[in-house]
Every structure is written in structure tokens, then in C-alpha cells.
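Chemist: Dock chain one against chain two, each of which comes alone in its own frame, and use the hints as you go.
First to last, the protein sequences are chains A and B. First residue of the first sequence? That's 11 in the working numbering, and the numbers climb one at a time after it. First residue of the second sequence? That's 38 in the working numbering, and the numbers climb one at a time after it.
These are computed hints drawn from the structure, not numbers from a lab. Ideal placement from N, C-alpha and C gives every residue a C-beta, glycine not left out. It cannot be assumed that every hint is accurate.
Partial selection, computed: residues in chain A whose CB lies under 8 angstroms from chain B [unchecked claim]:
| id | residue |
| --- | --- |
| 1 | F25 |
| 2 | N27 |
| 3 | R28 |
| 4 | H54 |
| 5 | A96 |
| 6 | F114 |
| 7 | L115 |
| 8 | S120 |
To be clear about the criterion: a stretch of chain B counts as covered by chain A if any three or more of its residues have a C-beta under 8 angstroms from a C-beta of chain A, and this derived list gives those stretches [claimed, not checked]:
| id | stretch |
| --- | --- |
| 9 | 96-106 |
| 10 | 131-137 |
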Amino acid sequence: MNAVTLMVVDDSMVFRNRIARLAGDARLGVKVVAQAENGLEAIHQARQHRPDLVTMDLTMPEMDGPACLEALRTVLPGARILVVSALSDRSTALRAMARGAHGFLLKPFSDEQMVESLQELMA
Amino acid sequence: MSGNRLKVEDVKVFSDAALGFFAQTTGHKASVRTAYLLDGAGPIVWNDFQGRIELAGRYRGSVTFSAPRGLLTHVLLSIGESDYTDASHRDIVGEIANQMSGQARRHFGEALDISPPRVLSPEEGAASHPAGAVPFVIPMQWERYEAHLVVQMDKEGGTPP
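Next up, chain B with everything else stripped away, as it sits in the complex (with noise of 0.2 angstroms):
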């Protein structure tokens, strides 16, 4: 993210959709905390397992949703899934992408192209960084786990800092 040209609706709409993903799919909400911008000393946020949506457009970057095992293992208990293997765990961030995905559609409709989801490993997380755009990270606490929302978008001919 470049300076302030990302729109606080813009991104709210990335969080949004993870926060309906627990609250209706777990029944159980997650709550959002201080948001703050990655740089190189930043803490650790690659978890073990990451969905991604890429966007061009009026933005481009990529917006990725990064989550530790325990947490994934937990939402598997709570919709009552017996599978915990990481095929099961990669689901479940693959979903909370998609789900980005389809409220962005509706949010910024033909203005933004936005990638189908993937499911990403942690190096190829922490190996990503687009040039020209600092992470912008949301911690989202969902029962006693940590996962982090890493938003990496910059308007359409912007200015790298």
C-alpha cells in the first residue's frame, strides 16, 4: 500500500467476509484488531496455511488470508468435519478466499479483475511481496487463535513509493 490512496471501505470489504465466514459458518464470531503496516522488521505473519485473490484493476496486488493449523483444526471441530488432514485445513482458507472473492465482486463489480483463489504455501506467502506495495496487515482473532489478513493493493498507475 502506497501512502493513504486505499479507501478504509475498500478494505473493510476483505475483512468483512472473513469475519461473515466464522460468524456464520463456525457460529462463533472473530473480531478484528489494530491494523498496521508490514515492513521488513514486521512480525510474523505467514501462518501454515494462506488463501490469495490477486487484483488488477482499479487496484492491483493481492489480498491473502493467512491462518495458523490449530485455528483451521478448531473450525474443522466446530462444523463437526472428522478430515483433519491439510487437505481439509487448505479447504478452509481456499473458502475464506473465495468468499473475498465473491464480496469484492459485489463491492467493486467490473472496476476490479479479481483472480480465482489459491491456496498458498507459507514460503510462497512470505515470497510474494508485489514491488511498489508495503503489506498492510489486519490481526483477526477468531477463539484463542491469531490469524492475519495481509492486504497489498495500490491504485492502477500509482506512484511506487
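Isolated chain A (complex conformation) (with noise of 0.2 angstroms):
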């Protein structure tokens, strides 16, 4: 079977690789096949990687989170997209999800949160 593939967005290395840590977990059995730190950078990667899943912060310099979700729900067009932001209001999370995101995790957020937010990705 394959592993689902999981592309990491944000502009902090140290919070990329912390998701890419915790998607690695071997209950999820993610494999990570990119990181960006950037919108254009995330969308060059998506159409080398065709990644399953995307996280995504929203506050990102280059192309900024919302108009990198919407260039992503074009490049990948099945793709599952969390975004994790520390952009805490609820029109900030309702206007994410009309761009076509499947889920909103606010940061700051636990490990565990994460791991949960990534298995309902997937369900």
C-alpha cells in the first residue's frame, strides 16, 4: 500500500520540521515529500510532489497563505489541505475554508492536537 504523502507549509523551519515529525508518527504512516516556505515555493512543490495532504500556515512573505490556497486547490485538485495559523478569528478560519481548505488548527498547538487533526485529514 502506498503512504499517504504530506507537503509542509510554513515559513519557520523549526515548526516544519516539527510537522513533519509528528506526521511521521507511525500511527498516521504519512510520509513527507516536501517542505516550503513560501506560497510559491509550496506551489512549485506541489507540482513536482502531488502531495495527498498539505499544511499550511497563512502568513507566509512571497505569496501569502490565502491566495497560496487557492492556487493549490487548482494544482491539486484532490488534495486534503489543513491550515495552521495563528490567525485565531473565525471569519480568518471560515474564509480558509471557503478557499477550499479541509480543516483550521490553531497554533499554538500540542502534539497531540496535531496528530488528531492530521488522522481526521485523512479520514
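Modeler: Given below as C-alpha cells:
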């Protein structure tokens, strides 16, 4: 069986690595195939690696999260996207969902919250 | 900060964001110690790494999270990060500033314009006191380390001291 593949998009290297480590949890069986630190790089990596899942921050340089979300929907119409953001108002979450996100996880998050969110994304 | 123009709940938004970062990200809670105004002869609050957001609108000024290298190295260790370069340390203070920005947007709404988070050197932090705003310092204890939240906020249109 092929592993579910994931791309992690966040301008913080430390938090990209953290999400990648948590996604590698044996319970999930997810393989991280790409990381990107901004929206433009995310689009490039998405075309190259075609991940099944994407986690992405909304506040990033080059291309911000909402614009990146719309572009990813076009490049990866079948991928499921989890927005991971410190922008915590309800309207931000609703706008993200309207642009094609399948889930929203508020920063700061615990290890367990990230694993559960990934499980829900894969369900 | 001038006089008592700042509301406690408006400052608490920032300390709560920093406390939330430690509790959720590391699983170990931080605590807030007695806050004070930073006059010219105040103790050293500009540590090795600083993350800052700047404010305009209802308040003008900035909020800076300042932490020593040891604290940030310990945070990296606690989340399983094996890269202990300066870039990783800067990432942590930048992320705390990012989370202060997110909670402030929720609390203040459109009444406050908040800049993207910036990571500063200690020299830059110490050299950039906005005129008319005396910094308000909130010491934070995490594990055996002390960090500082430096709040320089004044109401828009307020009279400089």
C-alpha cells in the first residue's frame, strides 16, 4: 500500500520540522515528500511532488496563505489541506474553508492536536 | 506607556499568547512575574533574541518578546529539533511574535494595525525605544530561564509624558 504523502508549508523551519516529525508518527503512516517556506515555493513543490495532504500557515512571505490556498486547489484538486495559523478569529477560519481548506488548527498547538488533526484530514 | 492609559486586558493579550506558546508547544507552562516600568537605569531586558510586532491604530508602539539563547535552545530540545543554529533560535522568537500578533488581531479587531513579526538583534531592540512611551516589562519564567515581554504602547493621540 502506498503511504499517504504530505507537504508542509510554513515560513518557520523549526515548525516545518516539528510538523514533519509528528506526521511521521507510526500511527499515521504519512510520508513527508516536500517542505516549503512560502507560497510560491509551495506551488512549485506541489507540481513536482503531488502530495495527498498539505499543512500550511496563512502568514507567509512571497505569496500569502489565502492566495496560496486558491492556487493549490487548482494545482492539487484532490489534495486535502489543513490550515495551521495563529490568526485565530472565526472569519479567518471561515475564509480559509471557503477557499478550499479542509481543516483549521490554531497555533500554538500540542503534539496531540496536530496528530489528531492529521488523522481527521485523512479520514 | 504613559500613566495608566493602558488597559490590563489589552496587555494581557500579549502575555497570554506567550504563555500559550510554552504550554502548548513544549508541554511545560511558563509563569508571569511582577511587571515593572523600565526607566533609564532598569535591569537588562534585551536578551540574545527578540521577536517584535509594531502597532498602530487604537494604540501605537510595539511589543517585543526577548529571550536568552539557553531558553530557546531548551525549547528546541523539548520539541525534538536537532538544529541549534541561530536561525532556529530566531524562528522561536519569531513564532512567539507571530502568535502574539494573531491573538491581538482577534482581541482588537480592526481597531489595531499590526505589523508582520520581525526578529531583532539585542542592539536593535535596545536602541529602538519610541519617543513618548516608557517600556512596561513583564518578566516570564520558563523552566530555569527568564524571558521578558517588553510592551511599549500608548493610546493614539495620547499626550507624551
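Chemist: Evaluate each hint against the coordinates.
Modeler: Hint by hint, here is what the structure shows:
1. F25: Holds, because the Cβ-Cβ distance from A/F25 to chain B comes to roughly 6 angstroms (cut-off 8 angstroms).
2. N27: Constraint on A/N27 satisfied, holds at 6 angstroms.
3. R28: holds (5 angstroms)
4. H54: violated (22 angstroms)
5. A96: A/A96 check passes; min Cβ-Cβ to chain B is 3 angstroms, inside 8 angstroms.
6. F114: violated (12 angstroms)
7. L115: violated (11 angstroms)
8. S120: holds (5 angstroms)
9. 96-106: violated (count 0)
10. 131-137: holds (count 4)
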